[in-house]
Amino acid sequence: MVASKSPKAAKVAPRYTERVMGAMSQIQRETHKHAIRTASIHARVQKMAQERKEKLGPHWKTFVTKAIGVLTEEGILEKDHGAYALSLSGKKIIATARRALDLPSNSQDMTIEQEVDLWKQVLRTPIATPTRKRLRNSRVPAGDDSDDELVELPSSPIKGRKRARTSSAAASHRPVREPTREPPSPLTELEESMENVLVPCYAGYRQCPPRQSRSFIDQLSKQPTPAPTEMELHDDITDEPAYIELPASADNYSATAVESLKEELAKAESAVVALSRELRDLREQRTTLDSELARTRRRADANAAEKVMLEAQLAADVPRTDDADLLPRSPILRAREDAVELNAKLAVLRDAAEALKPQMDALDSALAERISIQTVLEEQLAAAKKEAEDMRLKVGVFETSTRQLRTEIESKAAQLSEREAELGGELTAKAGAMSALESRNAELAASLNEARSKMIEAEAARSCLADRFSEAELRNSSFQATIDELRLAEGRAVASIEQLSAESVKQLGIRDETVAALKSELLTAQEATRVQAAQAEETLTALTRQLAHTQASHAALESTLAVTNEKSRSELEAASAKSADVSAKLEEAVKRLGEVETRLHIAGRKHTSEIADKDVILTTLNDTLVSARADVQDMVQKLAQADRDRGQLHADVVQIKGDLQAEMANTRDIAAELESERAKRAQAETSLNEVRELREADVATIGALQDKFARLKDAQMELWVQFELARPSGQPVLPPASSSSLVIWLLLICASVDLS
1 MVASKSPKAA KVAPRYTERV MGAMSQIQRE THKHAIRTAS IHARVQKMAQ
51 ERKEKLGPHW KTFVTKAIGV LTEEGILEKD HGAYALSLSG KKIIATARRA
101 LDLPSNSQDM TIEQEVDLWK QVLRTPIATP TRKRLRNSRV PAGDDSDDEL
151 VELPSSPIKG RKRARTSSAA ASHRPVREPT REPPSPLTEL EESMENVLVP
201 CYAGYRQCPP RQSRSFIDQL SKQPTPAPTE MELHDDITDE PAYIELPASA
251 DNYSATAVES LKEELAKAES AVVALSRELR DLREQRTTLD SELARTRRRA
301 DANAAEKVML EAQLAADVPR TDDADLLPRS PILRAREDAV ELNAKLAVLR
351 DAAEALKPQM DALDSALAER ISIQTVLEEQ LAAAKKEAED MRLKVGVFET
401 STRQLRTEIE SKAAQLSERE AELGGELTAK AGAMSALESR NAELAASLNE
451 ARSKMIEAEA ARSCLADRFS EAELRNSSFQ ATIDELRLAE GRAVASIEQL
501 SAESVKQLGI RDETVAALKS ELLTAQEATR VQAAQAEETL TALTRQLAHT
551 QASHAALEST LAVTNEKSRS ELEAASAKSA DVSAKLEEAV KRLGEVETRL
601 HIAGRKHTSE IADKDVILTT LNDTLVSARA DVQDMVQKLA QADRDRGQLH
651 ADVVQIKGDL QAEMANTRDI AAELESERAK RAQAETSLNE VRELREADVA
701 TIGALQDKFA RLKDAQMELW VQFELARPSG QPVLPPASSS SLVIWLLLIC
751 ASVDLS
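Numbering (the UniProt record's numbering) for the sequence shown: 1 to 756.
Hint data in this document are derived by calculation from the structure and do not stem from the laboratory. Heads up, a few of these hints could be off.
Keeping only pairs whose Cα atoms sit at most 25 Å apart, straight-line, the calculated SDA-like set for lysine to any residue is [as the list claims (entries may be wrong)]:
{"no.": "1", "residue 1": "K680", "residue 2": "D390"}
{"no.": "2", "residue 1": "K394", "residue 2": "I670"}
{"no.": "3", "residue 1": "K357", "residue 2": "L275"}
Cβ pair distances, simulated, as ranges [what the hints assert, rightly or not]:
{"no.": "4", "residue 1": "A542", "residue 2": "E459", "range": "40 to 50 Å"}
{"no.": "5", "residue 1": "G594", "residue 2": "E459", "range": "42 to 52 Å"}
{"no.": "6", "residue 1": "S470", "residue 2": "I617", "range": "32 to 42 Å"}
{"no.": "7", "residue 1": "I617", "residue 2": "A651", "range": "41 to 51 Å"}
{"no.": "8", "residue 1": "R644", "residue 2": "A414", "range": "13 to 23 Å"}
{"no.": "9", "residue 1": "R692", "residue 2": "T287", "range": "46 to 56 Å"}
{"no.": "10", "residue 1": "A700", "residue 2": "K61", "range": "50 to 60 Å"}
{"no.": "11", "residue 1": "I112", "residue 2": "R299", "range": "40 to 50 Å"}
Keep in mind that this is a model prediction, so the values were computed, not measured. Note that beta-carbon positions come from the ideal geometry of N, C-alpha and C, so glycine has one too.
Make the full structure from the sequences, and use the hints.
What follows is the structure in structure tokens.
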């Protein structure tokens with residue numbers, strides 16, 4: 001089998017780390033932002049490469065991201081809410097590299113080569129971490145405490161980078177000085193207790209980290225200074241302070257109270273900012289005083305070392321002779337010169353202490369003023385906390401009312417859903433009823449149209465029959481007139497016959513002629529009567545045919561007319577013989593026609609009443625249909641209104657839910673702000689306690705220094721008095737001649753140096 005070898009992970013070239021540092025420097029210089037996101041760094045690296053006409057690889061974004069991770073691991077960068085910013089140690093390294101390369105403080109005055117050299121120097125510089133100061137043994141000489149300074153160690157060195165040489169390694173090559181015994185001093189315990197502390201690494205007061213919106217964050221958050229690399233000391237005075245965002249609208253509390261609370265919180269924030277700046281100035285002044293005190297201590301240590309050397313020389317010279325007068329003059333002269341020099345140094349130290357006293361008084365007054373301001377701020381913070389508690393109670397009441405409103409809305413929504421379901425069922429039932437009514441209305445309309453058409457046909461037939469009956473009556477009237485004329489003619493003929501019969505006796509001869517004439521006339525009349533009867537028969541036949549035609553629609557009328565026709569025919573056939581029977585039969589026919597007319601009138605009235613009833617039913621149906629349509633339209637409108645109400649209620653529910661979520665978010669923000677205010681208060685109290693402790697320590701140190709200076713002054717005055725008393729008049733000031741007096745004199749000088 002062939003051994004497989006996994007590819008090694010690609011190393012991040014220092015070139016990409018330099019690109020990242022340059023990109024962050026340019027972005028901070030242009031935008032004055034504290035934290036920069038990865039996308040902005042990628043875009044600026046690409047832009048810088050295009051400006052410098054450099055070619056990036058296909059995976060340059062991956063390498064840039066890895067370079068950011070490497071810089072974060074080394075402590076040069078720090079992650080801040082998804083973005084990256086320069087850490088405090090990174091800023092110190094950049095400042096050290098600028099001083100080492102003698103580059104201008106303004107990055108805009110540097111060339112590209114100088115900027116590249118700067119980032120190379122920064123990436124080669126290890127990161128310093130503070131260590132605890134080692135306790136100095138009181139029996140070790142003061143000059144050997146140079147190893148107790150801070151040791152700079154790299155936090156996470158990269159492979160290939162050289163480890164910085166520490167001061168302890170350098171101290172190992174120094175010659176070890178033999179410790180000498182010295183008498184214990186009353187200040188030894190004080191010095192050891194003062195040295196048994198962590199040496200702070202002062203790098204100026206921490207700036208307020210500006211956000212993306214150019215506002216400040218917590219002044220006492222104890223976070224590393226996140227200001228840009230090129231920002232000056234007071235570049236942040238134009239930044240806007242951070243305001244606590246409170247809910248802008250609520251139903252149960254006034255907006256004026258919220259605005260006043262915002263103003264008070266803004267004033268408190270500005271006061272905290274001012275107090276923080278003043279505390280920063282005080283800390284800087286304290287740092288300066290600490291540095292001066294350290295220099296004074298170093299001078300004292302040097303003087304102590306010289307004292308130890310003089311004691312050693314004195315211890316080496318004293319055993320050689322028992323007589324102080326036989327000692328050589330040169331060591332005594334040197335000791336006297338050293339004493340004069342030490343007195344001069346003591347005077348300088350006294351002057352320095354006197355010069356520092358007004359500053360300490362000023363610091364005390366400033367600290368008292370800051371304490372009063374801090375008290376006022378604490379009172380304001382307590383008031384703001386109380387208002388926040390009130391606001392929280394109001395928010396709780398608002399949440400309770402909101403929950404009740406939500407419950408009511410849900411119940412109303414359920415009722416509306418049930419009502420909507422009921423309306424839907426009713427609408428469905430109404431729609432079915434309306435469709436049934438419409439179908440019934442259509443059937444009734446069709447039957448009504450058919451009845452109207454039949455009624456129109458019956459009316460037309462009735463009018464036609466009435467016309468024909470009128471014609472028949474006219475003809476019957478004419479026939480009756482003809483029959484009357486014939487009766488009159490027959491009567492005249494009978495009268496004539498009787499007259500002729502009476503005269504026949506007289507005129508027998510003429511009777512035959514007259515009888516023949518009368519017979520001819522009678523025959524003519526009978527013939528005319530027959531012709532008229534034939535015409536009447538033809539007329540009756542036509543009437544019979546017409547009546548037979550009308551029998552299809554009116555059965556009763558047809559039968560009656562048929563009987564009347566037959567009777568009329570029989571009467572007309574017997575008219576020539578029996579005119580009386582014809583008249584009676586005609587009268588009976590007239591009566592029968594009257595009955596038929598009565599029946600027709602009754603049938604017409606029944607038909608009219610049926611039509612009226614149908615019209616009433618149709619009108620009722622139309623009214624019912626109109627009412628049903630109105631009900632359906634009303635139901636449709638109600639359903640549409642219900643839909644609109646439902647939509648409005650749904651919108652109200654959505655809006656109330658949004659308001660509730662906003663209020664809950666505001667409540668959470670208020671709770672977070674309250675927690676942050678509590679943390680700020682705790683940090684402020686911690687800082688105040690630290691300031692008070694520092695003040696007490698400074699007051700104790702000043703009191704100790706004053707006591708030391710007083711004792712030193714008294715010892716010096718006693719020493720000079722002894723010298724004046726022991727010195728003969730006219731002789732220069734010299735130490736006592738005896739060895740014991742000389743030792744006492746030197747010990748007093750050493751004690752004075754220790755006091756300084």
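Structure-based check of each hint:
| no. | hint | result |
| --- | --- | --- |
| 1 | K680 with D390 | 20 Å, holds |
| 2 | K394 with I670 | 12 Å, holds |
| 3 | K357 with L275 | 24 Å, holds |
| 4 | A542 with E459: 40 to 50 Å | 23 Å, violated |
| 5 | G594 with E459: 42 to 52 Å | 21 Å, violated |
| 6 | S470 with I617: 32 to 42 Å | 36 Å, holds |
| 7 | I617 with A651: 41 to 51 Å | 50 Å, holds |
| 8 | R644 with A414: 13 to 23 Å | 18 Å, holds |
| 9 | R692 with T287: 46 to 56 Å | 18 Å, violated |
| 10 | A700 with K61: 50 to 60 Å | 58 Å, holds |
| 11 | I112 with R299: 40 to 50 Å | 47 Å, holds |
Taken one by one, the earlier hints fail for this structure at numbers 4, 5 and 9, listed in ascending order.
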